[in-house]
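Enquirer: Sequence:
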Amino acid sequence: MSRRTRILAAVVMAPVAICGVLFLPTPWLALAIASLMMIGLWEWTLLAGLTDRLARMGYLAANALLMAALIWGSGRGLFTLKLASVFGAAWWLLVLAWLARFDFAAADNAGNRALKLLAGSLCMIPAWAALSWLHASAQGPGWALFAIAIAWAADTGAYFAGVRFGKRKLAPRISPGKSWEGVVGGFLTAIALAVAVTPAFGLPWSKLPAMLLLTLVTTIFSVVGDLFESLLKRHAGAKDSSDLIPGHGGLLDRVDSLLAVLPVFVVGKVWLGL
Numbered sequence: 001m002s003r004r005t006r007i008l009a010a011v012v013m014a015p016v017a018i019c020g021v022l023f024l025p026t027p028w029l030a031l032a033i034a035s036l037m038m039i040g041l042w043e044w045t046l047l048a049g050l051t052d053r054l055a056r057m058g059y060l061a062a063n064a065l066l067m068a069a070l071i072w073g074s075g076r077g078l079f080t081l082k083l084a085s086v087f088g089a090a091w092w093l094l095v096l097a098w099l100a101r102f103d104f105a106a107a108d109n110a111g112n113r114a115l116k117l118l119a120g121s122l123c124m125i126p127a128w129a130a131l132s133w134l135h136a137s138a139q140g141p142g143w144a145l146f147a148i149a150i151a152w153a154a155d156t157g158a159y160f161a162g163v164r165f166g167k168r169k170l171a172p173r174i175s176p177g178k179s180w181e182g183v184v185g186g187f188l189t190a191i192a193l194a195v196a197v198t199p200a201f202g203l204p205w206s207k208l209p210a211m212l213l214l215t216l217v218t219t220i221f222s223v224v225g226d227l228f229e230s231l232l233k234r235h236a237g238a239k240d241s242s243d244l245i246p247g248h249g250g251l252l253d254r255v256d257s258l259l260a261v262l263p264v265f266v267v268g269k270v271w272l273g274l
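As numbered in UniProt numbering, residues 1 to 274 make up the sequence shown, in order.
Read the hints as simulated data drawn from the structure, not as lab findings.
Since this is a predicted model, take the numbers as computed values, not measurements.
Positions of the beta carbon are idealized from the N, C-alpha and C atoms, including for glycine.
Warning: the hint list may mix true and false statements.
To be verified - So the derived label-pair ranges between C-beta atoms look like this:
| # | residue 1 | residue 2 | range |
| --- | --- | --- | --- |
| 1 | K207 | L22 | 21 to 29 angstroms |
| 2 | T156 | L213 | 18 to 26 angstroms |
| 3 | V12 | D103 | 36 to 44 angstroms |
| 4 | G237 | F160 | 24 to 32 angstroms |
| 5 | G237 | S206 | 33 to 41 angstroms |
| 6 | L213 | K239 | 18 to 26 angstroms |
| 7 | A90 | L203 | 22 to 30 angstroms |
| 8 | F165 | A236 | 28 to 36 angstroms |
| 9 | C19 | F160 | 19 to 27 angstroms |
| 10 | F102 | V217 | 18 to 26 angstroms |
Generate coordinates for the entire structure from the input sequences, incorporating the hints supplied.
Expert: Written out as structure tokens, the structure is:
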């Protein structure tokens with residue numbers, strides 16, 4: 001697929017995503033994101049090695065019911081969504097250990113398939129819960145867009161820095177195209193974004209160190225999210241999660257970093273008092 005097709009697809013998708021985050025009421029945004037998560041989970045089932053169509057549909061139904069239960073039990077304080085977000089942030093710490101062992105759960109057997117399906121739920125549902133919680137908070141649409149923009153900025157900065165300067169491979173067995181130079185480029189781009197948006201939230205400059213710390217940690221986990229999906233694709237022998245989006249592969253290929261970014265960002269934001 002040509003670079004032109006890839007760019008055109010991004011030009012179409014980005015404004016839709018931005019308008020949705022900024023202008024949709026939180027319940028409608030949560031419903032829209034939940035629908036996208038179902039598509040992502042459908043792709044995930046194949047990466048996990050689940051091929052039976054009925055079993056895949058049952059897995060999606062179970063996750064949809066869990067999302068509905070979280071909404072039903074959330075109450076005014078969104079307690080269940082907050083709890084799911086905290087669990088999600090903790091889960092991504094465990095993913096770091098998984099990435100350190102490339103061969104863990106690589107074999108195609110029932111136990112590993114079940115583990116990867118559980119991992120799919122632990123990636124998707126907390127990300128959805130975190131975005132819903134963040135969007136419902138004070139200045140929520142702006143903060144939600146900033147969290148998403150960190151992933152975009154880190155990915156864009158990493159791409160251009162990697163193409164121009166990339167020499168030292170980050171994780172050659174998982175994602176041969178990623179380099180340490182690209183990671184640094186992504187960090188610098190995301191940090192520049194944080195400096196630029198701090199006044200937009202009405203924050204004093206004394207809050208800038210907290211903003212930079214939040215952005216730095218979030219960017220680290222955007223890389224972790226990207227690498228984790230790449231690991232699953234390597235295990236499955238797949239180049240992309242699907243061919244849903246022209247030039248971009250599947251939905252998972254576009255949101256992999258966001259799955260880690262959202263729970264880490266919202267928990268970090270609260271912890272840092274922003």
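Enquirer: Against each hint, give a clear statement of whether it holds in the structure.
Expert: Hint check results:
1. One distance hint, 21 to 29 angstroms for the beta-carbon pair K207 and L22, holds here, with the actual separation near 22 angstroms.
2. The hinted window of 18 to 26 angstroms between T156 and L213 holds, with their beta carbons roughly 21 angstroms apart.
3. Between V12 and D103 the C-beta distance comes to about 39 angstroms, which sits within the given range of 36 to 44 angstroms.
4. A C-beta distance of roughly 29 angstroms is found between G237 and F160, which places it inside the suggested range of 24 to 32 angstroms.
5. In this structure the supplied range 33 to 41 angstroms is violated for G237 paired with S206, their Cβ-Cβ distance being about 51 angstroms.
6. Range check, L213 to K239: about 36 angstroms between beta-carbon atoms, so the 18 to 26 angstroms window is missed.
7. Hint check: A90 to L203, Cβ distance near 27 angstroms, so the stated range 22 to 30 angstroms holds.
8. With their beta carbons about 31 angstroms apart, F165 and A236 fall inside the hinted range of 28 to 36 angstroms.
9. Checked against the hint of 19 to 27 angstroms, the C-beta distance between C19 and F160 comes to roughly 26 angstroms, which is consistent with it.
10. The beta-carbon spacing between F102 and V217, approximately 24 angstroms, falls within the hinted interval of 18 to 26 angstroms.
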